[in-house]
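Residue numbers (the working numbering), protein chains in the order written: chain A, 3 to 84; chain B, 1313 to 1791.
Think of the hints as simulated: they come from the structure by calculation, not from any bench. Among the hints, a few may not be true.
Each computed SDA-like pair below joins lysine to any residue, with the alpha-carbon atoms no more than 20 Å apart [what the hints assert, rightly or not]:
1) K58(A) to L1749(B)
2) K1532(B) to E84(A)
3) K52(A) to I1367(B)
4) K58(A) to A1755(B)
5) K1532(B) to L51(A)
6) K58(A) to K1532(B)
The calculated label-pair distances, taken between Cβ atoms and stated as ranges, are [unchecked claim]:
7) T1598(B) to S10(A): 45 to 51 Å
8) R76(A) to G1623(B): 32 to 38 Å
9) F1587(B) to S23(A): 20 to 26 Å
10) L51(A) to A1581(B): 56 to 62 Å
A virtual CB, placed ideally from N, CA and C, is assigned to each residue, including glycine.
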Amino acid sequence: MPSIQFLSTTIVETWAGADLSQIGPVYPMVGSEFILWILGLIFWLGFHLKQAAIEKREMQEDENAAKSPERLKRVFAEEAAE
Amino acid sequence: MDTDIGALTVIFTEFYYWVTVPLMFLIHVGFCMYEVGASRRKNHLHTLMKNTMLIPLVTITFFFFGWWIYFAFPNGPGITGGLTQSDNAVPWSQLMGTHLGGPTVGSDAPIMGYGVELGNAFWARLNGVFWAAFLLFSWTAASIVSGATIERIRPTAFWILAVVIGSFTWIIDAAWGWHPDGWMVTQLGYHDAYASGVIHAIAGGFALGVVVVLGPRLGKFAEDGTPRNINPHNKWLVTIGLFLIYTGFWGFYVACNVPLIDYGTLGGAEGKVNFTATTIYLTPTTLSAIVFNFLMSLSGGLIAGYVVSRGEAFWTYSCGLAGIIAASAGNDLYHPIQAMLIGAVGAVCAYKLHFWVERKFKIDDPVGAIAVHGYAGFIGLVIAGFMLWGHPATAAYHEDVALINPLGQFVGALIMFVVLGFIPAYVVSLILNSMGLLRVPPAVELVGLDMSAEMAEEMDAIAVSEADIAEARRLGLLT
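Please build the complete structure, drawing on both the sequences and the hints.
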């Protein structure tokens, strides 16, 4: 598919006759490592922020729902049987 | 990789560490089963997911900065020198990816840091498996803390704390005390071959720091302060979980070794080719030594635990673990009978201290993690200082030999348990608590942390039941 070679993401063009001692990284887009690291940090911190917001809302909902005497009685009965 | 022996050494080492990773994965499976078994039915899902999600969070952060800390911090920095060069472990290094060992692309600057004389081929083959072996230690450290906090901590808070210990404080202690050039090793003569302190004492101290701020579970203590037993929900799950932790511990032990290295290159006798396994400190040992001592210290802990707990299953198993942990600091060197006796002493101390601390300070540690890991690990370090007194702590290539000694081990134990364990956990927990993020609301704790999931399942069951009834009516089976 020579017409789309300009879209290639790799620095390895062929394995034929390859001298492995001269081949380093083989992942796509070599040179983008620092940007990938920044994206990774954003992904990680984003999880904590998003999850903290979700958890805050869920805890509030659970707290309201937990004020049901019927549910409390049921939980305590199950706990005693356990 | 350009000679037969060089290639075999590197590829054997690569395979060796790879095998330790799935073995150590069993530790985490065991911790999950153990914690779910120890928690009440109303908290199962919460307990499971809290521990499961530390896997991805500690993994990615250990990639982002944890691995770099290990190679950059052996001098403190600021204690015996500055940051050390660590090109293989910088998160944007080409060696932190799929790499065949050839030259760096896009830069003519030479690679710097540990193992650089062995060339890119060395780190290209070993970086990932070595990283993964350390990462599994990180999971273990965080998972130990998880057990102490069950049934009342908010997941978001726990996951932040898991990253703090899993990708930050424990790997600082590894750089200081579990690295051939770490300042605790070269200056204090600190010796901790299988991580009594660098994993277990720090995790126990960290768990204590969290639990002091978090407080006990509702109902744990009577008004007069008498502790109530909140027994494991499922003893069989606890049993299987602890057996899996024992199994994974084999991988943990072998991952603490370097499997094959020419001792002549480390400062051994000149002109002698002498291949051996070494500890993480590059001091010689054998797999036979650690197999002897692992099993004998496990046995010492189990026997002592059975006696001291009057045959109580939960504590007998836990004391087996405490036995291994107490002997681990010196299990590269002990005689097996010494390992057995040290295991027994560590187990009894952990058991007695757990209940004394519980009564005296109203500390609620549902799975005994602080005792089994923290107290047993601390005591094991101190015992190693006396038992191995005068033995060289440093590798042969160090010109100044540091000797193992009781004071160095005691100071090391304090650094692990208090400085890098208790204090960071206490401070971070106070901050989280002040933001209202640490503990679930009391009403939710009483009704159970799985309430939302249980309600959703009930609604699903009702919907399916109604559909079945409608179908039965359509078929004329019901009127």
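For each hint, the structure was consulted:
1. Straight-line distance between C-alpha atoms of K58(A) and L1749(B) comes to about 8 Å, which keeps the hinted pair within the 20 Å bound.
2. For the suggested pair K1532(B) and E84(A), the alpha carbons sit about 16 Å apart, so the restraint of at most 20 Å is met.
3. The straight-line distance between the Cα atoms of K52(A) and I1367(B) is roughly 18 Å, inside the 20 Å bound, and the hint therefore holds.
4. Simply put, K58(A) and A1755(B) have alpha-carbon atoms about 15 Å apart, close enough for the 20 Å limit, and the pair holds.
5. For a cut-off of 20 Å, the pair hint linking K1532(B) to L51(A) is broken: about 32 Å separates their Cα positions.
6. With a C-alpha separation of about 26 Å, the suggested pair K58(A) and K1532(B) falls outside the 20 Å cut-off, and the hint is violated.
7. Taken as a hint, the range 45 to 51 Å holds for the pair T1598(B) and S10(A), whose Cβ atoms sit roughly 50 Å apart.
8. Our hint of 32 to 38 Å for R76(A) and G1623(B) holds, since their Cβ atoms are close to 35 Å apart.
9. Checked against the hint of 20 to 26 Å, the C-beta distance between F1587(B) and S23(A) comes to roughly 24 Å, which is consistent with it.
10. Evaluation of the 56 to 62 Å hint for L51(A) and A1581(B) yields a pass: the beta carbon distance comes to about 57 Å.
When the structure is compared with the earlier hints, violations turn up for hints 5 and 6 and for no others.
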